[in-house]
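Q: Chains P and F are the protein sequences, given in the same order.
In terms of the working numbering, the first sequence opens at residue 1 and continues consecutively.
In terms of the working numbering, the second sequence opens at residue 1 and continues consecutively.
Hint data in this document are derived by calculation from the structure and do not stem from the laboratory.
Hints may be right or wrong, so weigh each one.
Each computed DSS-like pair below joins lysine-lysine, with the alpha-carbon atoms no more than 30 Å apart [what the hints assert, rightly or not]:
1. F:K230 to F:K267
2. P:K126 to F:K403
3. F:K267 to P:K25
4. F:K349 to P:K25
5. F:K95 to F:K349
6. F:K267 to F:K188
7. P:K28 to F:K245
8. F:K349 to P:K126
9. F:K378 to F:K95
10. F:K5 to P:K126
11. P:K179 to P:K153
12. P:K126 to F:K325
13. F:K378 to P:K126
Residue strings, one per chain:
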Amino acid sequence: MINFAHGEVMMLGAYSGFFVFEAFKAIKVSTEPVLTFSNAYPVLAVLIAFLVGMTVSALAGYSLERIAYRPLRKAPRLVPLIGAIGASIFLQNAAQLLFSPQLRDVTNPEILARGTGWSIMVNGSKVILPYTGVFTFVLSLILLAGLYLVVQKTRLGRSMRAVALDKKTASLMGIDVDKTISLTFLISGALAGAAGVMWGIHNGLVYYFVGFIPGIKAFTAAVLGGIGNLPGAMLGGLFLGLIESLGPAALGIDFQLKDVIAFALLIIVLIFRPSGLLGERLAEEKL
Amino acid sequence: MKATKLLVVMIVFTLLFTACQTSTAPTDSSTDAAVEGTPEVCATDAFGCAVFEAGDVVKIGMGAPMTGGDASYGIDISQGGMIAVQDFGELNGFKFTLVAEDDGGTAEGGAAVANKFASDPAVVAVAGHIYSGATSAAIPVYEKAGIPLLSPSASLPALTTLGSAVFNRIVFTDARQGPPAAEYLFNKLGKRKLAALHDGSDYGKGLAEAVAARFVELGGEVVITEAITKGETDYTPILSAVAAKGPDALYFGGYTAEGAVVVNQMKQTGLEDVVFFGCDGTYGADFLARTGANGENAFATIAPIPEESAEKAAFDAAYLEQFGKEAGSLSPYTWNGYDSTAGLISAVKSIAVLGTDGNLYIPRGALVTAVRTLTDYKGVGGTYTCDATGECNTLPPMFVVVKDGAWVPAD
Numbered sequence: 001m002i003n004f005a006h007g008e009v010m011m012l013g014a015y016s017g018f019f020v021f022e023a024f025k026a027i028k029v030s031t032e033p034v035l036t037f038s039n040a041y042p043v044l045a046v047l048i049a050f051l052v053g054m055t056v057s058a059l060a061g062y063s064l065e066r067i068a069y070r071p072l073r074k075a076p077r078l079v080p081l082i083g084a085i086g087a088s089i090f091l092q093n094a095a096q097l098l099f100s101p102q103l104r105d106v107t108n109p110e111i112l113a114r115g116t117g118w119s120i121m122v123n124g125s126k127v128i129l130p131y132t133g134v135f136t137f138v139l140s141l142i143l144l145a146g147l148y149l150v151v152q153k154t155r156l157g158r159s160m161r162a163v164a165l166d167k168k169t170a171s172l173m174g175i176d177v178d179k180t181i182s183l184t185f186l187i188s189g190a191l192a193g194a195a196g197v198m199w200g201i202h203n204g205l206v207y208y209f210v211g212f213i214p215g216i217k218a219f220t221a222a223v224l225g226g227i228g229n230l231p232g233a234m235l236g237g238l239f240l241g242l243i244e245s246l247g248p249a250a251l252g253i254d255f256q257l258k259d260v261i262a263f264a265l266l267i268i269v270l271i272f273r274p275s276g277l278l279g280e281r282l283a284e285e286k287l
Numbered sequence: 001m002k003a004t005k006l007l008v009v010m011i012v013f014t015l016l017f018t019a020c021q022t023s024t025a026p027t028d029s030s031t032d033a034a035v036e037g038t039p040e041v042c043a044t045d046a047f048g049c050a051v052f053e054a055g056d057v058v059k060i061g062m063g064a065p066m067t068g069g070d071a072s073y074g075i076d077i078s079q080g081g082m083i084a085v086q087d088f089g090e091l092n093g094f095k096f097t098l099v100a101e102d103d104g105g106t107a108e109g110g111a112a113v114a115n116k117f118a119s120d121p122a123v124v125a126v127a128g129h130i131y132s133g134a135t136s137a138a139i140p141v142y143e144k145a146g147i148p149l150l151s152p153s154a155s156l157p158a159l160t161t162l163g164s165a166v167f168n169r170i171v172f173t174d175a176r177q178g179p180p181a182a183e184y185l186f187n188k189l190g191k192r193k194l195a196a197l198h199d200g201s202d203y204g205k206g207l208a209e210a211v212a213a214r215f216v217e218l219g220g221e222v223v224i225t226e227a228i229t230k231g232e233t234d235y236t237p238i239l240s241a242v243a244a245k246g247p248d249a250l251y252f253g254g255y256t257a258e259g260a261v262v263v264n265q266m267k268q269t270g271l272e273d274v275v276f277f278g279c280d281g282t283y284g285a286d287f288l289a290r291t292g293a294n295g296e297n298a299f300a301t302i303a304p305i306p307e308e309s310a311e312k313a314a315f316d317a318a319y320l321e322q323f324g325k326e327a328g329s330l331s332p333y334t335w336n337g338y339d340s341t342a343g344l345i346s347a348v349k350s351i352a353v354l355g356t357d358g359n360l361y362i363p364r365g366a367l368v369t370a371v372r373t374l375t376d377y378k379g380v381g382g383t384y385t386c387d388a389t390g391e392c393n394t395l396p397p398m399f400v401v402v403k404d405g406a407w408v409p410a411d
């Protein structure tokens with residue numbers, strides 16, 4: 001089943017990051033000159049924001065699994081899918097009611113201010129490599145590496161791959177299927193939370209609907225790279241982002257058509273290489 | 001299984017039966033011409049009368065974005081309308097009320113709200129809709145139902161060329177908002193290379209194109225015209241493409257939700273020396289809050305702030321007291337919201353008939369004509385006279401600029 005509510009889990013992480021930064025903005029460490037907690041201890045502030053965001057999202061992912069997906073595990077394939085869509089709608093509207101539909105702006109610590117970065121000259125014009133962009137990229141790579149290690153090298157990872165391959169046989173081998181699935185959702189929730197906080201830091205805009213498009217694009221990226229393939233998902237995401245940003249300019253067409261290009265590409269890849277760019281790799285190759 | 005089928009059939013019939021029940025709410029009396037006390041005008045009126053019994057409330061509707069990124073506009077204008085209802089909303093013991101429904105500022109929302117109002121017999125007129133996109137979808141519905149509109153802010157020029165008998169507005173059209181902006185950019189600010197950006201909506205696109213056309217007429221050069229996708233958070237690719245063309249001014253037709261993001265990202269895409277020129281959709285406290293220092297020296301065109309008068313002072317005081325914000329800080333149409341609602345109420349009062357049975361009869365066709373023929377209506381924002389197409393205001397827009405984090409009139 002596809003977890004359509006994953007975007008909403010990310011949205012909850014983004015909101016947590018926003019509230020943490022708001023709180024730190026309000027705490028003043030000194031008054032002359034005025035220094036907020038975020039600016040005085042930026043590393044600590046960012047770290048706490050990520051911890052809070054990841055925790056909240058991990059719990060959200062775990063609750064989602066326990067409440068919405070576990071009871072439907074034995075149902076026919078379409079039912080958990082609809083349940084996921086329902087969970088997504090529920091979380092969006094709950095967030096709208098709890099946090100108001102107002103668009104929120106995240107205040108980064110000064111050293112990570114949005115729009116600032118390294119200036120480089122390209123072809124005679126100035127291009128800015130934003131600090132927040134590089135930060136997001138590097139952190140994503142680190143998290144991906146961590147996830148890859150967990151899935152490939154640890155016992156938990158082996159259980160995950162086994163359960164993904166064949167639930168019944170895995171349970172016969174002594175694997176606690178329920179616990180494995182719950183832990184998977186905890187980890188995926190935590191990563192979505194990290195993505196949410198990164199979204200807040202880089203894009204600055206947090207509101208109840210912010211998880212919808214990233215959720216769809218994440219699914220697209222995963223399919224593009226190959227379902228079940230972690231490096232593939234990252235590659236798919238990178239590929240998708242590049243095509244969206246550079247496509248319209250390179251092809252000389254309207255920027256409004258960037259989503260059209262991205263999804264047309266998805267269709268083409270699926271027609272000619274249905275298992276994705278790096279191919280499906282669930283668990284058959286390594287043990 | 002027979003019992004289940006019978007149950008289903010019974011449920012369906014019950015639903016149909018209750019749906020077809022006549023309600024006890026005010027009814028259209030076009031078929032009850034012979035009832036005692038009903039004025040003759042109801043029998044001859046093209047749309048019949050709205051009948052209000054003692055204790056019923058006369059509703060003035062309003063369709064506006066009340067949730068989402070543009071909510072501050074809907075909330076602000078509906079609050080202006082609420083004060084109008086408090087000031088004028090009473091006729092022979094019958095009270096008026098403003099019913100503001102959320103149309104999201106979109107065409108789908110506008111049509112949905114229009115259908116809702118058209119099916120409510122207590123709604124006699126609509127002070128809206130607020131957004132042009134929603135209004136253009138709503139007009140056909142109101143046309144059929146005989147509900148007149150007086151919009152405080154729908155400025156799309158095409159709306160009064162549709163041949164509609166019900167649509168009227170007290171705001172300038174974008175045909176009067178766009179060209180002055182181009183002239184200001186060319187003459188006052190001395191800009192020669194314009195980048196015209198819009199959000200793809202009827203309103204934004206119409207404005208950007210009007211400005212671009214006038215700018216070219218004056219002798220300037222429009223280096224690029226592009227549409228952005230609404231609701232996104234990252235416009236750096238398109239802004240980089242704009243920067244590559246080397247404009248010295250950027251005109252944006254659209255709303256604050258996207259405008260603020262564009263302004264914030266202009267610096268990092270090499271557009272920090274380019275002047276940002278917005279429209280009445282990018283004005284307001286929201287824009288200031290979301291752009292902060294980046295919004296410094298951003299321009300906009302807005303409905304002119306009314307001159308000081310006793311009525312304006314009274315309205316401003318009432319607004320501040322009830323809603324805790326300065327009138328005109330959230331959107332430039334607060335006073336228009338007040339005037340359009342008050343104008344509709346005065347039109348209703350001019351043609352409403354108190355029947356001998358104590359009911360209030362409001363002939364709908366007569367109301368449509370009354371609003372269309374509004375003459376010299378003195379509101380807080382000016383004196384309005386509606387012409388044959390529904391344009392009721394001839395005042396041009398005024399220019400404002402952000403200085404030190406606040407909107408001030410530009411010279």
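Q: Hints first: check each against the structure and report whether it holds.
A: Results of checking the hints against the structure:
no.	hint	in the structure
1	F:K230 to F:K267	20 Å, holds
2	P:K126 to F:K403	27 Å, holds
3	F:K267 to P:K25	23 Å, holds
4	F:K349 to P:K25	53 Å, violated
5	F:K95 to F:K349	12 Å, holds
6	F:K267 to F:K188	24 Å, holds
7	P:K28 to F:K245	44 Å, violated
8	F:K349 to P:K126	64 Å, violated
9	F:K378 to F:K95	22 Å, holds
10	F:K5 to P:K126	73 Å, violated
11	P:K179 to P:K153	18 Å, holds
12	P:K126 to F:K325	42 Å, violated
13	F:K378 to P:K126	55 Å, violated
Comparing the model with each earlier hint shows violations of hints 4, 7, 8, 10, 12, 13; every other hint is respected.
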